[in-house]
Amino acid sequence: MKKKAAGKFQLDCSVNGARVRREIAASRTMLEFLREDLGLKGTKEGCGEGECGACLILLDGRAVNSCLMMAAQAHGREIVTIEGIKGRDGGLHPIQKTFMEEGAVQCGFCIPGIIVAAEALLRRKPDATLEDIKLELTGNLCRCTGYEKILSAVELSRDELKKKGKR
Amino acid sequence: MRPELLVRPASLADLWKALPALPRDRRYLAGGTDLMIAAGHGHAGDCWVDISGLKELKSFRETSSSIFIGSGLTIAELAEKPAVKKWLPALALCAPHYASPSLRNMATIGGNAANGSPCADGVCALLSEKAEIVLGLKGAKRKMPLHSFFLAPKRTALKKDELILGFEVPKWRHVSAYEKLGPRSYFGISKVTVCVSAEISGGLVKEAVIACASVAPVPLLARKAAEFLYGRRLDEGTVSEAAALAESEASPITDTRSEAGYRKAMVRVLASRALSKLAAWRAAGDATPRRVPRRTENIMLRTLTLLAALSLPVSALPADQDPLLKALKTELDRSFSKLKDAEKVPLYFLHYGATDTDYHQVGATLGALSYENSGRERRLDADARFGSPALDNTHELKGAQARQNTREQAAIDLPLGDDEAAIRARAWELTDAAYKAALDRYAKVRTNIGVTAEEKDKSGDFSPASAETFYSPVRLPELDKAGYRGMARRLSAKFKKHGFIIRSGVSLNASAVNRYMVNSEGSAVVTGNNYLYLSYYLTARTKDGMDLSRGKFYHSDGPAGIPGEAEIAADIDRSVSELAALLGSEPSEPLSVPAILDGPAAGLFFHEIFGHRIEGHRQKSESEGQTFAKMIGQRIMPEFLRVYDDPSVREVRGQFLRGYYTHDDEAVKAARASLVENGVLKGFLMGRTPIEGFPSSNGHGRRSAGKGAVARQGNLIVEASATVPYPELRGMLLEEIKKSGKPYGLLIKDIYGGFTITQRVLPQSFTVQVLLAYKVYADGRPDEAVRGLNLIGTPIQTFSRIKAAADDAGVFNGDCGAESGWVPVSAVSPSLLFSEIETEKVSKSNNKPPLLPPPYAEGQGGKI
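Chains A and B, in that order, are what the protein sequence lines are. The letter at position 150 of the first sequence is residue 150 when you use this note's numbering, and the numbering goes up by one with no holes. The letter at position 134 of the second sequence is residue 134 when you use this note's numbering, and the numbering goes up by one with no holes.
Some hints here could point you the wrong way.
[To be verified] Label-pair ranges, simulated between beta-carbon atoms:
no. : chain 1 : residue 1 : chain 2 : residue 2 : range
1   : A       : 14        : B       : 1         : 26 to 34 Å
2   : A       : 23        : B       : 25        : 19 to 27 Å
3   : A       : 92        : B       : 25        : 28 to 36 Å
4   : B       : 853       : A       : 130       : 48 to 56 Å
5   : A       : 12        : B       : 148       : 38 to 46 Å
6   : A       : 163       : B       : 230       : 15 to 23 Å
7   : B       : 11        : A       : 14        : 53 to 61 Å
8   : A       : 146       : B       : 763       : 57 to 65 Å
9   : B       : 184       : A       : 20        : 32 to 40 Å
10  : A       : 12        : B       : 184       : 37 to 45 Å
11  : A       : 100       : B       : 139       : 53 to 61 Å
12  : A       : 131       : B       : 4         : 19 to 27 Å
13  : A       : 92        : B       : 137       : 46 to 54 Å
14  : A       : 92        : B       : 1         : 38 to 46 Å
Hints listed in this document are in silico derivations from the structure and should not be mistaken for laboratory results. Quick caveat: nothing in here was measured; it's all calculated off a predicted structure. Cβ atoms here follow ideal geometry from the backbone N, Cα and C, with glycine treated the same way.
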């Protein structure tokens, strides 16, 4: 039983490859923990109800909505946020580069969540078709771009990743 | 508000230990996708118990007959399992439409049910796949059909702290279609969802389950529509009638997501889409990966050979020239002699049962033909027994493994023609599967005996039977197809005169069923039955939204037994006026009054509340109610009653009995089972499963293809030694009414059917749905039609309330479904007087009648 005095929780997990051990308020959501306790502000809060996808993170490699998850639920598990999605050289990840090249980013608020979703898909399915990409992004809302450039950016990054074998 | 306190137990044992110390207002947190949102809108408990880390809830187990899904599995995890794709097509189809990809990575199937929402997608899919839900509280486990888990919106059967452990879904040969209507194609909460799973064999629906979401206070099973589909071909007419029935069963509300009227209309549209998909898949031959596709040209060829074969009388063919019998015998002998000693434990019994069905059916609605089709199919079952008659692989499992006590088994289609080599090849294939399944179960039985309490009943698992040789197949009689078409059209046109009738139809079904049985004891039995019936039905809806119907079946074993058109026309007229009277009547309030049950209704009544409780195997099963198990030699009903079951009787007072047969499905000759003499219980219905004091079969082991045989009814016959003429029985009813001080009693003329629970986990009660009943007044007022009531009660009390019997004998013919499948049955009883019978209100659709009169009745003003 991992329980301390009422209201506290002893969390032990991995965030972007680093082990994190600390006492948190038991009522913390994952999103609050990342932004407020760890200062990782790349993950955004949009709707707070799982509709918009701006808060997506990877939990053991699967995309989840961090606004609907309690921080304690990550106990013993691996978290990757947008800050942890990097190229091999530690610079920008190919998906991030193609988003810039394609002009897929306008206000940018939804983009961290969309890149996390795209990364989850391309890890699982390197040959994802346009249809696969559309389905994977059904949980991500963007109010600026109209999605066309986002979809083509994900397609381009898929080709890029395959070409370079950058996995 | 999210609570201040959250605990995360490491195991289930830890969880039960921790609970008492926690604040009383505690909630389980699984995927969080509903609870977290609820917390954003208000109070959501003082403490959350996080169960998302419990490995015990993530288990996924597959047995030969079922699949267990742990409640903690996420929708995404389930969608990836090959066994889900193979055995749970509805769940697999639902997954892509379940919220968004990231929410599918979080949401658990258990949470989907626990939330208790009528719009739950995963629940709707599992409902259509006949899932049961398994609940746990500390050490105690219980299991119930998934549909009974939901009580009201957001209210479930969960007790305080009780946890959903998982779902158990039987493996059955079904195909599914999932139709969800949301605000957009993906990622929207359902406005209406209809999910249909069906087993289709030989083009006919063997079983269908229709589940609907967002159209009732709880996830809904459209039972009438599903029942209507039974035994039918999925043609256009059937699809549209079933869809209309499903619509009538929905009772949606208007809320932020949609409007009641729209939702209701969409149930019909989605049900029709789903059923048409199933029909189209079948036509394309890819109904399911588990079925061998049939090509149309093959069917044509087979039909042609068949017609040629049928032109000579089948019964003239001697047994030793019957290709199917020869093939089965040869393959059985080969398999048994080579396999009986192949393992350390002996294979001591091998049995093949093949059912060959040839049918023709025609249906008409409002003067037009709605379907006409013919077909043929052959199904084979193989039963293998390892060990010895004292203990074999069919032995009941107890304790945690009791849920594996299913009668489901593999069965396959056989080639239709005379090709012995092809038939043998299929039999060989099935034997291998049955052999392995039986061996596997034998090992389980041995282990189970070692770890569970000793049984009370020490009788063995299989009783001896002598080798039977019998050969009497039948063929489909010559049918005047053009004549039947005309008659169905003319009779169905009669309903057009009455604008208040919403739906109506006339149909004729003829089938020749030949059962082939060979076994390692040397039995070789071929026995045939002809079943022919004509039926009509008509439905209407009251202003307060109650759906009413009348109808009639004429059963026989040949065309000569169907009455002439004039007689049927007169019956239709009577049914129309009965329906009109019901339509004008008041709905019944719950009552407990004296009543007469007319003959056929009384027969069905006995079938439900008595017959199912004296099926032999139930007397020793540790999970059964065993109402009468220890009552042999005791009075259980009035002295003037005798009850027996005799399948070898063809007719009673000139009325055909559909439950007639020469041999049961275990190759045992049908015999009379004496059940009650002078009100005293004498015996049980016996198959080849012995029970204490009853070591042998009386020819009641029955099944339909794909199930293991158990004791079932054939012709259940109730007789009275003291009787009065019917008018006198009515006089006695008036006396009872006066004595009871009630203003009126009931005269129950027709009942639809009923159901009864014999399992121990639920109350031992029965419900019988009334189709036609009248209030009888003691003060001489004329009888008054009454609607909207079910008869309810418990068996032991009800029998003590039978006061007298008339000198008539009413016959009920129908089909009875239980764990060993559907079998034709009859029930015969005199009209009976009860000093008291309890009734309950029926649920109704609350739908308005149609706004316009039907187009053909324009000008009649839609009046009755």
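Hints versus structure:
Taking 26 to 34 Å as the suggested C-beta distance range, the pair residue 14 of chain A and residue 1 of chain B conforms, at roughly 30 Å. Between residue 23 of chain A and residue 25 of chain B the beta carbons are some 25 Å apart, a value that agrees with the proposed interval 19 to 27 Å. The supplied range of 28 to 36 Å is broken by residue 92 of chain A and residue 25 of chain B, whose beta-carbon atoms lie about 48 Å from each other. The hinted window of 48 to 56 Å between residue 853 of chain B and residue 130 of chain A holds, with their beta carbons roughly 52 Å apart.
Our hint of 38 to 46 Å for residue 12 of chain A and residue 148 of chain B holds, since their Cβ atoms are close to 42 Å apart. Residue 163 of chain A and residue 230 of chain B have their C-beta atoms about 58 Å apart, which leaves the hinted 15 to 23 Å range violated. Between residue 11 of chain B and residue 14 of chain A the C-beta distance comes to about 23 Å, which lies outside the given range of 53 to 61 Å. The hinted range of 57 to 65 Å is satisfied by residue 146 of chain A and residue 763 of chain B, whose Cβ atoms lie roughly 60 Å apart.
At roughly 38 Å, the beta-carbon separation of residue 184 of chain B and residue 20 of chain A lies within the given 32 to 40 Å, and the hint holds. Judged by the Cβ atoms, the range 37 to 45 Å given for residue 12 of chain A and residue 184 of chain B holds: they are separated by roughly 41 Å. For residue 100 of chain A and residue 139 of chain B, the hinted distance range of 53 to 61 Å is satisfied, since their beta carbons lie about 59 Å from each other. Take residue 131 of chain A and residue 4 of chain B: their Cβ atoms lie about 45 Å apart, and the range 19 to 27 Å is violated.
Hint check: residue 92 of chain A to residue 137 of chain B, Cβ distance near 53 Å, so the stated range 46 to 54 Å holds. Remark: the range hint 38 to 46 Å for residue 92 of chain A to residue 1 of chain B is upheld by a beta-carbon distance near 40 Å.
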